[in-house]
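*Asks:* Sequence:
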Amino acid sequence: MKFLKLTLLLLAVGIFTSCSSDDDKGQAQPMDETEDLLLTKIIDNQIHEIAIYTVDGKFTEGYNKVYFQLKDNSGNLQTDVVFGWMPMMYMESMEHGAPYSEIQKVSGKSTLYEAWVVFQMAGNADEYWELSFDYLTGGGSFHASDIIDVESSELRRVTVFMGSDGGHYVLALVEPTEAEVALNDMSAGLFRMSSMHEFETVNNYRVLIDPRMPGMGNHGSPNNEHLTQGADGFYHGKLSLTMTGYWLINLMVENQDGAVVKGEAVTESHPQSSIYFEIEF
1 MKFLKLTLLL LAVGIFTSCS SDDDKGQAQP MDETEDLLLT KIIDNQIHEI AIYTVDGKFT
61 EGYNKVYFQL KDNSGNLQTD VVFGWMPMMY MESMEHGAPY SEIQKVSGKS TLYEAWVVFQ
121 MAGNADEYWE LSFDYLTGGG SFHASDIIDV ESSELRRVTV FMGSDGGHYV LALVEPTEAE
181 VALNDMSAGL FRMSSMHEFE TVNNYRVLID PRMPGMGNHG SPNNEHLTQG ADGFYHGKLS
241 LTMTGYWLIN LMVENQDGAV VKGEAVTESH PQSSIYFEIE F
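Heads up, the sequence shown is in the numbering used here, so the first residue is 1 and it goes up one at a time.
Some hints could be false.
Beta-carbon label-pair distances, calculated as ranges [as the list claims (entries may be wrong)]:
hint	residue 1	residue 2	range
1	218	110	46 to 56 Å
2	82	198	33 to 43 Å
3	231	92	38 to 48 Å
4	146	82	17 to 27 Å
Lysine-lysine pairs mimicking DSSO-like chemistry, simulated, CA-CA at most 30 Å apart [claimed, not checked]:
hint	residue 1	residue 2
5	58	105
6	109	41
7	41	105
Note that these hints are calculated values from the structure, not bench results.
Where is the CB? At the ideal position from N, CA and C, for every residue including glycine.
Start from the sequences, fold in the hints, and give me the full structure.
*Replies:* What follows is the structure in structure tokens.
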């Protein structure tokens, strides 16, 4: 009888352990939706904190892809947030905004949101960028803001210019982020200032490219495709890079009528356009 009771007890324990193990396996485990990103900034308003991430953990002059998560003061990630935001540069004599996108949830994620912003210039000791957020969550509306550090880019990834039409433009390199000896996909954003705080996407222009290697006799490359606007609003083309090293990507911007708004063709007597990007790899 004692042997029977012991057998039944062990059997019950085994069944309980098995069920518990199966239940644990069936539970949805929290996933780290930022595992491939680096924390760049936390903006805290004592009610929530906005954790801001980028691929390299910093804000840099030029085009930046940015990611966000919102936590309450208990550390709980929020899954239902409507974000509004505004980047603003405070200079000694003026202030201005920057081209940026709306913040939207990353497809397939529950807590991660994304946007992009183009910083036309880096900050310094006397001039700085600030990010301001107005957002809705849990039935309430909230505000948060803070100063951020925007670093200088070693290579030119953004160019700001006044066009022949008198418009103030921003042209920013988006791709490639990692160039190769190949025919690279190239994309750029083209924006026009509509006010000191707002920029609009420029539609139906064309961005002509002429990549050259100044240190190698200013030679070019074959099979480049000029940039035309895609459905995403950015301008897309093909960039041919035939060897590693320093490349200067000469640019010309044409309007809908084919008139040059800014930039010059490269010739023997004029080896470089006034607007360009730089790539080195």
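*Asks:* For every hint, state whether the structure bears it out.
*Replies:* Evaluation of the provided hints:
1. At about 51 Å, the beta-carbon gap between residue 218 and residue 110 stays in the expected band of 46 to 56 Å.
2. Range check, residue 82 to residue 198: Cβ separation about 20 Å, and the 33 to 43 Å hint is violated.
3. The supplied range of 38 to 48 Å is met by residue 231 and residue 92, whose beta-carbon atoms lie about 40 Å from each other.
4. For residue 146 and residue 82, the Cβ-Cβ distance of about 20 Å falls inside the hinted range of 17 to 27 Å, so the restraint holds.
5. Only pairs whose Cα atoms come within 30 Å are accepted, and residue 58 paired with residue 105 is accepted, the gap being roughly 21 Å.
6. Of the pairs offered as hints, the one joining residue 109 and residue 41 holds, with about 20 Å between alpha carbons and a cut-off of 30 Å not exceeded.
7. Proposed proximity of residue 41 and residue 105 is supported: the alpha carbons are some 19 Å apart, at most 30 Å.
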